[in-house]
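Got chain V; can you put chains B, H, U and E on it based on the hints?
Chains as they are written, first to last, in our numbering: chain V, 1 to 153; chain B, 1 to 153; chain H, 1 to 153; chain U, 1 to 153; chain E, 1 to 153.
These aren't lab readings, by the way, just hints derived from the structure by calculation. Here a beta-carbon is modelled for each residue, glycine too, at the ideal position from N, C-alpha and C. Please note that the accuracy of each hint is not assured.
[Said to hold, decoys possible] Simulated pairs of lysine-lysine, BS3-like, Cα-Cα distance not exceeding 25 Å:
#, chain 1, residue 1, chain 2, residue 2
1, H, K135, U, K2
2, B, K25, B, K153
3, U, K110, U, K17
4, H, K69, E, K69
5, E, K131, E, K25
6, B, K69, V, K110
7, V, K153, B, K25
8, B, K135, H, K131
9, V, K25, V, K153
10, B, K131, H, K131
11, E, K153, V, K25
12, E, K69, U, K153
13, B, K135, H, K2
14, V, K135, B, K131
15, V, K25, V, K2
16, V, K2, V, K17
17, E, K25, E, K135
18, V, K153, V, K17
19, B, K25, B, K131
20, H, K25, H, K131
21, E, K69, B, K69
22, V, K25, V, K110
[As the list claims (entries may be wrong)] Derived coverage of chain H by chain U (criterion: at least 3 residues anywhere in the stretch with Cβ under 8 Å from a Cβ of chain U; other residues may be distant):
#, region
23, 75-89
24, 92-101
25, 115-126
26, 135-142
What follows is the residue order along each chain.
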Amino acid sequence: MKIGIADTTFSRIDLGKIAIDELRKISSIPYERYTVPGIKDLPVAAKKLIEERNCDLVITLGWVGATQKDLASYVVLSMGLVLVQILTNKHIIDVTIHEDEAESENELLKIAENRVREHVRNAVDLLVNPKRLQKLAGTGQRQGFPDVGPILK
Amino acid sequence: MKIGIADTTFSRIDLGKIAIDELRKISSIPYERYTVPGIKDLPVAAKKLIEERNCDLVITLGWVGATQKDLASYVVLSMGLVLVQILTNKHIIDVTIHEDEAESENELLKIAENRVREHVRNAVDLLVNPKRLQKLAGTGQRQGFPDVGPILK
Amino acid sequence: MKIGIADTTFSRIDLGKIAIDELRKISSIPYERYTVPGIKDLPVAAKKLIEERNCDLVITLGWVGATQKDLASYVVLSMGLVLVQILTNKHIIDVTIHEDEAESENELLKIAENRVREHVRNAVDLLVNPKRLQKLAGTGQRQGFPDVGPILK
Amino acid sequence: MKIGIADTTFSRIDLGKIAIDELRKISSIPYERYTVPGIKDLPVAAKKLIEERNCDLVITLGWVGATQKDLASYVVLSMGLVLVQILTNKHIIDVTIHEDEAESENELLKIAENRVREHVRNAVDLLVNPKRLQKLAGTGQRQGFPDVGPILK
Amino acid sequence: MKIGIADTTFSRIDLGKIAIDELRKISSIPYERYTVPGIKDLPVAAKKLIEERNCDLVITLGWVGATQKDLASYVVLSMGLVLVQILTNKHIIDVTIHEDEAESENELLKIAENRVREHVRNAVDLLVNPKRLQKLAGTGQRQGFPDVGPILK
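Chain V with its partners taken away, still in its complex shape (with noise of 0.2 Å):
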């Protein structure tokens, strides 16, 4: 069993880093880091990690700017990532930052390291642990932000 990590120089955080960081801390599945300049490359990175690399998974990191243009290329990754899904039929957890969703640079910062490892964990219960996600269906999970809990009755 492999994970795939694929990221940019584009963002302004190691996404990879703390991906990695938080791998290591709950599992000993093997990796592999794949680097690409920005987020409309990791479409074809991700299918390279799955079908040339080997990996069961893989996660994206991607940074994404401000702009109508950045949301439109937000759209082609994602649109190219769940291609990428339905061909190989292997799970991609697309973690995406979007600059303009924090008012400061640390608040970003933030956001980043709690979304990227909360997505870490959800990719290693895709894997090796499903029943947990069943668990917390319909429970309003968030990444990045606190979780937003269930409606009740």
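Then chains B, H, U and E, alone, in the frame of chain V:
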């Protein structure tokens, strides 16, 4: 015959539980449940339910926020589900709750419960009773809200 | 030779009935009708009509609401139908009624009836009389509204 | 060698006729014409011209209205044509006239005539004289309007 | 090993010439140049460079106008390039100049020159020196503008 039910930990309502409850009320078709983190993980979950767990139809249960980014992710989800259907020739009934379609949590609960139950019936009809759907053709059926009915001459 | 007709229970007009009536008036080509819940179920319905029920062309009959979410679903429908056509090399004539293109239910009925009938004729021509379409090339044909005609020098 | 020409009955100008006239002026390459109702029928028409009628390149001639729905359909057309090209490894030259790019019908006629003729020349060059295009690289060529020319240091 | 360079006659700057100049400065990898009319012709050009001319990586050089239609075409270009990458498992480095990202032609020239040269280096690194990219992960690299640098704790 088997139905797949894919839901998320992001959802604030346990939509999978409602779907299973309805399915048990109206049919004895076996099911497989598969819980993933968020809506962009649903297309590959549906494909895996069809190809790896032999489901004949999948019901996906998504929860979408109210921002423009959420709408973009919803489009990616929808396009991904259409692609999986086209590649497998199996129906996927996409049940999505949008956080902004109700003004209170209580109302959202009612919409969600009604929409999930009605779509479970649609799913079962597609598999075992397609003639019932044909009788309802052009009658303005809605899921989650009251039917609007046909426009009559 | 066989034509598939795919329609929805969401539609407020029985578009399938109109299509079948027109088809019977102008041709003796057999048809298969397939009713699904909503427009996002139409692409796979069309693919199944082509591949599992041997249709040579499919007419899809969709009904779309007036919100931005509805427009997004319409784009997904259109892209899905284009994909099915590309994968099967068969035409799918997409007849869509948008709830916001008329100011009264009565007007919407007229548009729908006219659009469905004209597109059934287009579909039959594509199959058995492509030369008629070539004669109409560049003549500003419209379905549902009066033709606008060509721009003349 | 053969060129496919796909056009629509929706168009208000007989773009196919202009394309054929230009093709006859500059080359003796044979052609096949295929007329469909509207732009969303063009991707499969192009694929059929390539795969069933052995065309080596296709010129599609589209006409697009001025509303947001029309822009959405134009995106679907464009994405469909890109897909057909990717699946067949053949070029499709997409010539589209947008109703809102001129203020009078007369001006639209001039734009359309010029754009079709220039793109027919591009199409022929792609097939038999790719070096001419390379000489024009980065020179600000426009079709339908005067060339804007290169930005010089 | 071979690199493909695809550019357009639509561009107002000879981006292909800059790319070749940079490639010759930093490497002796052979290249193939392929010039097409506009950005929507780039995806199939990239696929042909990979499959028919045996390129291991392609650099596409696009030029995009400032209107909403241009943004739509840019999304189609991006999605097409992602698809070609997914289908071939080869990287395509998409270098796009947007006419509206500078206030003068002179500034646009500087952005274009810098962006093309930096991406040629990225492309070469992806092929022969992926470790250099990994060292730059999360460091806020930009192409065309000064790097923004990492966010530090």
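Regarding the pair K69 (chain E) and K153 (chain U), is the alpha-carbon distance no greater than 25 Å? violated, 29 Å
Has the given pair, K69 (chain H) with K69 (chain E), been kept, meaning a C-alpha gap of at most 25 Å? holds, 21 Å
Is the listed coverage of the region 135-142 of chain H by chain U valid when you require three or more residues with a beta carbon under 8 Å from a beta carbon of that chain? Contact hint for the region 135-142 of chain H vs chain U: holds, 7 residues under 8 Å.
Need the status of pair K25 (chain B), K131 (chain B): alpha-carbon distance at most 25 Å? holds, 20 Å
Within a Cα-Cα threshold of 25 Å, do K25 (chain V) and K153 (chain V) meet the stated pairing? violated, 37 Å
Going straight from one Cα to the other, do K25 (chain E) and K135 (chain E) come out at no more than 25 Å? Holds - the C-alpha atoms of K135 (chain E) and K25 (chain E) are around 22 Å apart, at most 25 Å.
Within 8 Å of chain U (C-beta), three or more residues of the region 75-89 of chain H: n = 9 at 8 Å, threshold three: holds.
Verdict on chain U covering the region 92-101 of chain H, criterion of 3 CB contacts below 8 Å: holds (count 4)
For K69 (chain B) and K110 (chain V), compute the direct alpha-carbon distance and say whether it is at most 25 Å. holds, 21 Å
Distance restraint between K25 (chain V) and K110 (chain V), which requires alpha-carbon spacing of 25 Å or less: holds, 18 Å
Given the hint that K153 (chain E) pairs with K25 (chain V), test it: the Cα-Cα distance must not exceed 25 Å. holds, 21 Å
Would you check the hint for K131 (chain E) and K25 (chain E), treating anything up to 25 Å between C-alpha atoms as holding? holds, 20 Å
Comparing the model with each earlier hint shows violations of hints 2, 8, 9, 10, 12, 14 and 18; every other hint is respected.
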